[in-house]
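Work out the full structure, taking the sequences as your base and the hints as a guide.
There are 4 protein chains.
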Amino acid sequence: MSNYFIKKEKIRFKHVDYAGIVFYPRFLEMLNDLVEDWFEEALERPFSKIHETNGIPTVDLKVQFKKAARLGEILTKSLWVKNIGGASLLCGFKFEDEEGKICLEGEVTLVNVAFKDNRGGIKAESFSEEMKEKISKFVLS
Amino acid sequence: MSNYFIKKEKIRFKHVDYAGIVFYPRFLEMLNDLVEDWFEEALERPFSKIHETNGIPTVDLKVQFKKAARLGEILTKSLWVKNIGGASLLCGFKFEDEEGKICLEGEVTLVNVAFKDNRGGIKAESFSEEMKEKISKFVLS
Amino acid sequence: MSNYFIKKEKIRFKHVDYAGIVFYPRFLEMLNDLVEDWFEEALERPFSKIHETNGIPTVDLKVQFKKAARLGEILTKSLWVKNIGGASLLCGFKFEDEEGKICLEGEVTLVNVAFKDNRGGIKAESFSEEMKEKISKFVLS
Amino acid sequence: MSNYFIKKEKIRFKHVDYAGIVFYPRFLEMLNDLVEDWFEEALERPFSKIHETNGIPTVDLKVQFKKAARLGEILTKSLWVKNIGGASLLCGFKFEDEEGKICLEGEVTLVNVAFKDNRGGIKAESFSEEMKEKISKFVLS
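First to last, the sequence lines map onto chains A, B, C and D.
If you use the working numbering, the first sequence corresponds to residues 7 to 147, in order.
If you use the working numbering, the second sequence corresponds to residues 7 to 147, in order.
If you use the working numbering, the third sequence corresponds to residues 7 to 147, in order.
If you use the working numbering, the fourth sequence corresponds to residues 7 to 147, in order.
Rather than coming from a laboratory, the hints here were simulated on the basis of the structure.
Incorrect hints may appear among the rest.
Since the list gives no way to pick out one identical chain from another, each pair is judged satisfied if it fits inside one copy or across any two copies.
[Said to hold, decoys possible] Pairs of lysine-lysine residues, derived as DSSO-like cross-links and limited to a Cα-Cα distance of at most 30 angstroms, are as follows:
{"id": "1", "residue 1": "K72", "residue 2": "K129"}
{"id": "2", "residue 1": "K122", "residue 2": "K13"}
{"id": "3", "residue 1": "K129", "residue 2": "K55"}
{"id": "4", "residue 1": "K88", "residue 2": "K138"}
{"id": "5", "residue 1": "K107", "residue 2": "K72"}
{"id": "6", "residue 1": "K13", "residue 2": "K100"}
{"id": "7", "residue 1": "K129", "residue 2": "K88"}
{"id": "8", "residue 1": "K140", "residue 2": "K129"}
{"id": "9", "residue 1": "K100", "residue 2": "K143"}
{"id": "10", "residue 1": "K16", "residue 2": "K140"}
{"id": "11", "residue 1": "K16", "residue 2": "K100"}
{"id": "12", "residue 1": "K72", "residue 2": "K100"}
{"id": "13", "residue 1": "K138", "residue 2": "K73"}
{"id": "14", "residue 1": "K20", "residue 2": "K140"}
{"id": "15", "residue 1": "K14", "residue 2": "K138"}
{"id": "16", "residue 1": "K68", "residue 2": "K13"}
{"id": "17", "residue 1": "K88", "residue 2": "K122"}
{"id": "18", "residue 1": "K20", "residue 2": "K143"}
{"id": "19", "residue 1": "K140", "residue 2": "K88"}
{"id": "20", "residue 1": "K55", "residue 2": "K14"}
Printed below as a string of structure tokens:
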């Protein structure tokens, strides 16, 4: 069984800069999309529901940009779990081009938070057992 | 003498997400703006000139997001140099709110590259001595 | 007395596309920034306050893109009022380069809305007399 | 035969603003994606090839925003041709929600341009007969 959550994404005109390669903040939008798809498709927690009561802010990010990606290329984005904490999650990720070369890779720490009141403060909240169970399928060992 | 390169930036409507806080890829656009301003204002290498023959791609990024930033807040963005390599540069950065609390901090590695031919390949190119001289004023020890 | 609300904005690396000119959705982010600045600086209704109870969605937009804008150029953005309705506002705008040539111009219709309940529906709400008074200073006749 | 070019797009976290609805410049990125897909999939002119010698800048845009779109909704984006000029193209477009309600609609004028020299000036260039033939299949009468 594969422990990766995988999606493909095409490099579009809006992603590239003057040099014709992806402007790196756009890669992080693509990473956010990957996490969003994972929550909706694999963890059954669509962001459109989560954001009524909770959020999943990114608290730590490490990325190595290894190879430029150009307009028209189709990247394969993979996500997996490196560690599950009480309310936090350490995920690994990599984006590969059509020849399997890594364009970027890194790790991201997400925290589950609950809104304490109407649009005000937030506090960390443990993942439910059911949620941990679903997340654990993506742990790569 | 201060070794920091410092700019202020206001959190705008376009930066914030559904939770009313900055969507983290927008922070990296703000970081790119900071590097761009530093090259133009302090290193006298405006991106509008650089990009005729060279680029400064980001090859490594580490960020810790410590405190959410909200619509209307004015952040102070600081950049400094941790290490100068032949063709690369390791910079530290931090974004602070009006009370001096750190919203995010991290480090970014930039590489000086030259375009080998018309919009095709790139290769690393050492910074000139004049450029290293200017950069060295921002080394924090 | 000038009836224009005027701000300057520099074309940055993040704004430009593969051809080295501003990607047009970025111009509309700049337009949104202009409206945001106008509400805060001239109408004393900062978006950070408005959005607790109200919003100013854009309901109609017409733009003519007349001249490309390049990395490093500084544009002068002007906004004025063409018509004040009960809950709506028709504004004209133009962005000019340093030689006074128009890069884009057009008109945008904004509507004042109130949130009916917690993050649910919205309904149009008339501008207060005080607000109309402030807005009227920007009517160009 | 259908004269519409049609694509679906899901509203993502990165598209929405503080009010939980799509920030309108993001709709125009979605429109640009639609034009990009149309050129690649229906007109056999992928932007990754076009941009070596030509561009398709947007010179005129009219949009009516009729209904907010929320996180998680899937919009159907349709494009058609209203008029083919020598070097220009007037296209209609509409984005509908899952119940067929129009979120936005409008028209956009695109111009075919050739780069006169290396990254310098541009000039309008007529579409080839082959290209006009392909475009004409999307004329709605």
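Each hint tested on the structure:
For a Cα distance limit of 30 angstroms, the shortest separation of K72 from K129 across copies, 13 angstroms, qualifies, whereas the shortest one inside one copy, 36 angstroms, does not. In this assembly of identical chains, the alpha carbons of K122 and K13 never lie at most 30 angstroms apart, being 33 angstroms within a copy and 33 angstroms across copies at closest. Taking the shortest alpha-carbon separations for K129 and K55, both the intra-copy value of 18 angstroms and the inter-copy value of 24 angstroms come in at or below 30 angstroms. Taking CA atoms no more than 30 angstroms apart as the test, K88 paired with K138 passes inside one copy only; the shortest distance there is 13 angstroms, against 39 angstroms between copies.
Taking identical chains as interchangeable, the C-alpha atoms of K107 and K72 lie at most 30 angstroms apart only when both belong to the same chain, with a minimum of 9 angstroms there against 33 angstroms between chains. Taking identical chains as interchangeable, the C-alpha atoms of K13 and K100 lie at most 30 angstroms apart whether they share a chain (11 angstroms) or sit on different chains (28 angstroms). When the C-alpha separation of K129 and K88 is checked against a cutoff of 30 angstroms, the pair qualifies only within one copy, where the shortest distance is 23 angstroms, while the shortest distance between copies is 34 angstroms. Taking the shortest Cα distances, K140 and K129 sit within 30 angstroms of each other inside one copy (22 angstroms), while across copies they are farther apart (41 angstroms).
With identical chains, the CA atoms of K100 and K143 are at most 30 angstroms apart within one copy only, with a shortest distance of 18 angstroms there and 36 angstroms across copies. With identical chains, the CA atoms of K16 and K140 are at most 30 angstroms apart both within one copy (28 angstroms) and between copies (24 angstroms). Both within a single protomer and between protomers do K16 and K100 lie at most 30 angstroms apart by alpha-carbon distance, with minima of 15 angstroms and 23 angstroms respectively. In the homo-oligomer, the alpha carbons of K72 and K100 lie at most 30 angstroms apart both inside one protomer (10 angstroms) and across protomers (24 angstroms), since each shortest distance falls under that limit.
In this assembly of identical chains, K138 and K73 lie within 30 angstroms of each other by CA distance solely across copies; the values are 26 angstroms between and 34 angstroms within a copy. In the homo-oligomer, the alpha carbons of K20 and K140 lie at most 30 angstroms apart only across protomers (25 angstroms), although the nearest pairing inside one protomer, at 34 angstroms, exceeds that limit. When the C-alpha separation of K14 and K138 is checked against a cutoff of 30 angstroms, the pair qualifies only within one copy, where the shortest distance is 25 angstroms, while the shortest distance between copies is 32 angstroms. When the C-alpha separation of K68 and K13 is checked against a cutoff of 30 angstroms, the pair qualifies both within a copy, at 20 angstroms, and between copies, at 24 angstroms.
In this homomeric assembly, K88 and K122 come within 30 angstroms of each other (Cα to Cα) only inside a single copy, at 29 angstroms, whereas the closest approach across copies is 39 angstroms. Proximity of K20 and K143 under a CA criterion of 30 angstroms is satisfied inter-copy only: 27 angstroms between copies versus 34 angstroms inside one chain copy. Taking CA atoms no more than 30 angstroms apart as the test, K140 paired with K88 passes inside one copy only; the shortest distance there is 14 angstroms, against 41 angstroms between copies. Within a single copy, K55 and K14 get their C-alpha atoms as close as 24 angstroms, and across copies as close as 21 angstroms, so both meet the 30 angstroms cut-off.
Hint violations for this structure: number 2 only, all remaining hints satisfied.
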